[in-house]
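Per the UniProt record's numbering, the very first residue in the sequence shown carries number 1; after that it's consecutive.
No wet-lab data here; the hints were simulated from the structure.
Glycine included, every Cβ here is placed at the ideal spot set by N, Cα and C.
There may be inaccurate statements among the hints.
Stated by the list, open to error - Each pair of labels, with its calculated beta carbon distance range:
| no. | residue 1 | residue 2 | range |
| --- | --- | --- | --- |
| 1 | Lys254 | Tyr219 | 23 to 29 Å |
| 2 | Glu613 | Ser141 | 30 to 36 Å |
| 3 | Gln445 | Ser776 | 53 to 59 Å |
| 4 | Lys160 | Lys254 | 40 to 46 Å |
| 5 | Leu260 | Ser154 | 31 to 37 Å |
| 6 | Ala257 | Lys578 | 37 to 43 Å |
| 7 | Pro422 | Glu489 | 31 to 37 Å |
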Amino acid sequence: MELGSRDTYGKRPVSKKRMRSDAFEPTPPFQASKQSYNGIERLSSANPLPSAFGVVPAEPAEGMALIGDFGNAPEATHLLIAIFFALAFALARFLLNSLVYKRLAIRMLYGPVVPLIADATRKSKFIKCTESMWKLTYYASVQLWVISILKKTSWALNTKEYFNGWPNQDLGLPMKLFYMCQCGFYLYSIGALLAWETRRKDFSIMFSHHIITSVLIGYSYLSGFFRIGIVILALHDMSDVFLEAAKVSKYAGKEMAASLFFACFAISWFLLRLIFFPFWIIKTTSYHSIESLMKPGLFPRSSYYIFNVMLLTLLIPRSIPGSRRRPVARFGFPVPMDPQRRRLRLQALSLFIFCLVLSVHCVDLSWGKKKKHEIKGPIKTIVVVIMENRSFDHILGWLKSSRPDIDGLTGRESNHISASDPSSSEIFVSNDAVFIDSDPGHSFQAIREQIFGSADASLNPAPMNGFAQQAASMGEGMDRTVMSGFVPENVPIYTALANEFAVFDRWFASVPSSTQPNRFYVHSATSHGAMSNVRHDLIHGFPQKTIFDSLNDEGLSFGIYYQNIPATLFFKSLRKLKNVLKFHNYKYTFKLHAKLGKLPNYVVIEQRYFDCELFPANDDHPSHDVARGQNFVKEVYETLRSSPQWNETALLITYDEHGGFYDHVPTPVEGVPSPDGIIGREPYYFKFDRLGVRVPTFLISPWIEKGTVIHEPNGPTKSSQFEHSSIPATVKKLFNMNSNFLTKRDAWAGTFESYFSLRKTPRTDCPEKLPEVTRSLRPHGPKEDSSLSEFQEELIQLASQLNGDHVLSAYPHIGKDMTVGQANLYAEDAVARFLEAGKAALRAGANESAIVTMRPALTSRSAAGDSNPAVQTI
Numbered sequence: 001m002e003l004g005s006r007d008t009y010g011k012r013p014v015s016k017k018r019m020r021s022d023a024f025e026p027t028p029p030f031q032a033s034k035q036s037y038n039g040i041e042r043l044s045s046a047n048p049l050p051s052a053f054g055v056v057p058a059e060p061a062e063g064m065a066l067i068g069d070f071g072n073a074p075e076a077t078h079l080l081i082a083i084f085f086a087l088a089f090a091l092a093r094f095l096l097n098s099l100v101y102k103r104l105a106i107r108m109l110y111g112p113v114v115p116l117i118a119d120a121t122r123k124s125k126f127i128k129c130t131e132s133m134w135k136l137t138y139y140a141s142v143q144l145w146v147i148s149i150l151k152k153t154s155w156a157l158n159t160k161e162y163f164n165g166w167p168n169q170d171l172g173l174p175m176k177l178f179y180m181c182q183c184g185f186y187l188y189s190i191g192a193l194l195a196w197e198t199r200r201k202d203f204s205i206m207f208s209h210h211i212i213t214s215v216l217i218g219y220s221y222l223s224g225f226f227r228i229g230i231v232i233l234a235l236h237d238m239s240d241v242f243l244e245a246a247k248v249s250k251y252a253g254k255e256m257a258a259s260l261f262f263a264c265f266a267i268s269w270f271l272l273r274l275i276f277f278p279f280w281i282i283k284t285t286s287y288h289s290i291e292s293l294m295k296p297g298l299f300p301r302s303s304y305y306i307f308n309v310m311l312l313t314l315l316i317p318r319s320i321p322g323s324r325r326r327p328v329a330r331f332g333f334p335v336p337m338d339p340q341r342r343r344l345r346l347q348a349l350s351l352f353i354f355c356l357v358l359s360v361h362c363v364d365l366s367w368g369k370k371k372k373h374e375i376k377g378p379i380k381t382i383v384v385v386i387m388e389n390r391s392f393d394h395i396l397g398w399l400k401s402s403r404p405d406i407d408g409l410t411g412r413e414s415n416h417i418s419a420s421d422p423s424s425s426e427i428f429v430s431n432d433a434v435f436i437d438s439d440p441g442h443s444f445q446a447i448r449e450q451i452f453g454s455a456d457a458s459l460n461p462a463p464m465n466g467f468a469q470q471a472a473s474m475g476e477g478m479d480r481t482v483m484s485g486f487v488p489e490n491v492p493i494y495t496a497l498a499n500e501f502a503v504f505d506r507w508f509a510s511v512p513s514s515t516q517p518n519r520f521y522v523h524s525a526t527s528h529g530a531m532s533n534v535r536h537d538l539i540h541g542f543p544q545k546t547i548f549d550s551l552n553d554e555g556l557s558f559g560i561y562y563q564n565i566p567a568t569l570f571f572k573s574l575r576k577l578k579n580v581l582k583f584h585n586y587k588y589t590f591k592l593h594a595k596l597g598k599l600p601n602y603v604v605i606e607q608r609y610f611d612c613e614l615f616p617a618n619d620d621h622p623s624h625d626v627a628r629g630q631n632f633v634k635e636v637y638e639t640l641r642s643s644p645q646w647n648e649t650a651l652l653i654t655y656d657e658h659g660g661f662y663d664h665v666p667t668p669v670e671g672v673p674s675p676d677g678i679i680g681r682e683p684y685y686f687k688f689d690r691l692g693v694r695v696p697t698f699l700i701s702p703w704i705e706k707g708t709v710i711h712e713p714n715g716p717t718k719s720s721q722f723e724h725s726s727i728p729a730t731v732k733k734l735f736n737m738n739s740n741f742l743t744k745r746d747a748w749a750g751t752f753e754s755y756f757s758l759r760k761t762p763r764t765d766c767p768e769k770l771p772e773v774t775r776s777l778r779p780h781g782p783k784e785d786s787s788l789s790e791f792q793e794e795l796i797q798l799a800s801q802l803n804g805d806h807v808l809s810a811y812p813h814i815g816k817d818m819t820v821g822q823a824n825l826y827a828e829d830a831v832a833r834f835l836e837a838g839k840a841a842l843r844a845g846a847n848e849s850a851i852v853t854m855r856p857a858l859t860s861r862s863a864a865g866d867s868n869p870a871v872q873t874i
């Protein structure tokens, strides 16, 4: 399904000055700009989805603020246009009445001879005739208009689609204008009834009907119930066309035409208002709507009930025929109501109560279904932060001097420069790590050498004696670099967290390999056979089931808060439209959601991966400044600490892998199950039956005792260890999930949910603020003109898939010649375009299991031709 042109979905210009991570900040409409990546110019429109009313909101907030974002967001100020329409109708009525209706009415009522003096009856009939002409003109016009709008939709005749895609249903300009026109007409009608129109017997009913309808139109607009609203308006106007046509024909003396129109009115009234409206529309709003509206954290309980009650109120007074006036006897006493009319009123009232109770019952049943797995423990939200490329001894090893219960460094640990030659020079561990301006080896083969020192990978326990040897082969001084660690004063945030909460001293990377395979284990307990960077799979998306899928299946919520580009998009399932709204810009939403108590059950926070001047990297990947990572962790902790969700929250901080730095604890090499039986590619054919090197991991919660050290787990098997698969395994237990384990690995991994049950109440002495990080650990600022690391190149490859550049012939080399600054802009832009296109597809009613496929973006507009996004159903 094609969604639009490049003018509609072209990317927004991002200046190097801003270097911002806000992917959704609005820019002036239709401003074109050029950007250059590797000398390739790119022309784009500045406003991806220009608003019909000039409103282009920034990052969507929770709940109702999500409705129709990116140029389609309804706002209360839009209703001012309805007032304009009301005034326009008053002017149009005056002009038409003077120039057209009066002349027609005179000819219809009096013929060629007009009496000089008309009696009161004829005068009243004359006024009523002009009123009916005006109403006929309006109702016939808007009915043709709304039919033309509904003909272009795919949901008009399918009631189950009326709420599908809420709160991101499409609200185009024709529908906006129709809404404002209808609201304006009923506002005008209220004034006309009060000021100059003839007061008929049903004045009170019509007056209350117009008020309810006006409120209903405005409320459905602001609440995002666009589709059902426009259908209801179409149903009601159809009968009014026939009724007013019958009146005009009657005034004209055309009895046959009047009878025909009245018959059409009676049939349409019976079918549309007494059958279709209560048994199709009301049934839809009371029952079918629940499944579409029932989104974790987004269900508009109050909006739903108010909207449905107003619909039912609209149904009752117009459903009982006959006069609403009670006849009065001679002495002023009311005549008793006719028994048949009394029965009709009671039946209508019973129907009202039944529908209202049914809607409440359906909501409560569906709400219970979505929450069928009650979270019984104290932890309702778990926040996961995965830092980059540091070993336990490198970060926390020297904390042992003040915390002897931690398995850290004594200062006697060492490696020989040649692992096979005991007489070679010996490199001892040191505590002088400050700033690492190089990236130690951490490929599969490099880690194998670091762990075993030789080609024999069957040694048990692993000797951990090849770190200095492998590093020395990379450059002068690297052997001492990888054997160094930080003194506790240089990592004050981690020191404070270890002392105040819990630290694992037996948590290992899941794979003895690089970043991405280990990150995959965090969320899916497998790397699907990836030992290192498998470009094809990275780009097209890894297909395995993830903890995110399990959470969706159980009706639990999750959110991914990213800064440059979310690496979680390497998972194919997370690219589906149903997950687009789960991605949030960290800078603008994380603190807000935490402050409002709106954090989902499972939160993943991703760092800034590109080191730029205004926004330096904070992921700890060498050669990034660890002090920036400390400040980032401090910010996350303090945000959670001040949140109303604090007493129900756990924060887990870990590292994806050791990054080539020394650690003395032997990595487990026996009893580790292969997650899915997939064997790695040549030339190693790794069976995924041993773990990686130990990494720093913290567990933070008011339910954790101060100064806790978590060693080896108690099961579920004798050989179980804490590793990245422990995260989905623990989430499953914490949230009482019924789904199966993702793989054999998370079924085997140790879990840590028991540490939240050691206390009966949460602690009240948790620090509100962590120590200040007083100085940077590197002597210079970020180098934006530096080349990319292997991990950063992977992220650019991912970005090229998101924006469509992966189909270009230049694709295999995209990122090779980019600087860090250029890559940052490229990645942010790709994510913005992908998520914007996904949200537009949702508003257009696309299948939530589909994935947006973008057209190439690196070429200029003239060279690229059509660059529309398309939706691919998976």
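Structure-based check of all given hints:
no. : hint                           : verdict
1   : Lys254 with Tyr219: 23 to 29 Å : violated, 40 Å
2   : Glu613 with Ser141: 30 to 36 Å : violated, 59 Å
3   : Gln445 with Ser776: 53 to 59 Å : violated, 34 Å
4   : Lys160 with Lys254: 40 to 46 Å : holds, 43 Å
5   : Leu260 with Ser154: 31 to 37 Å : holds, 34 Å
6   : Ala257 with Lys578: 37 to 43 Å : violated, 53 Å
7   : Pro422 with Glu489: 31 to 37 Å : holds, 35 Å
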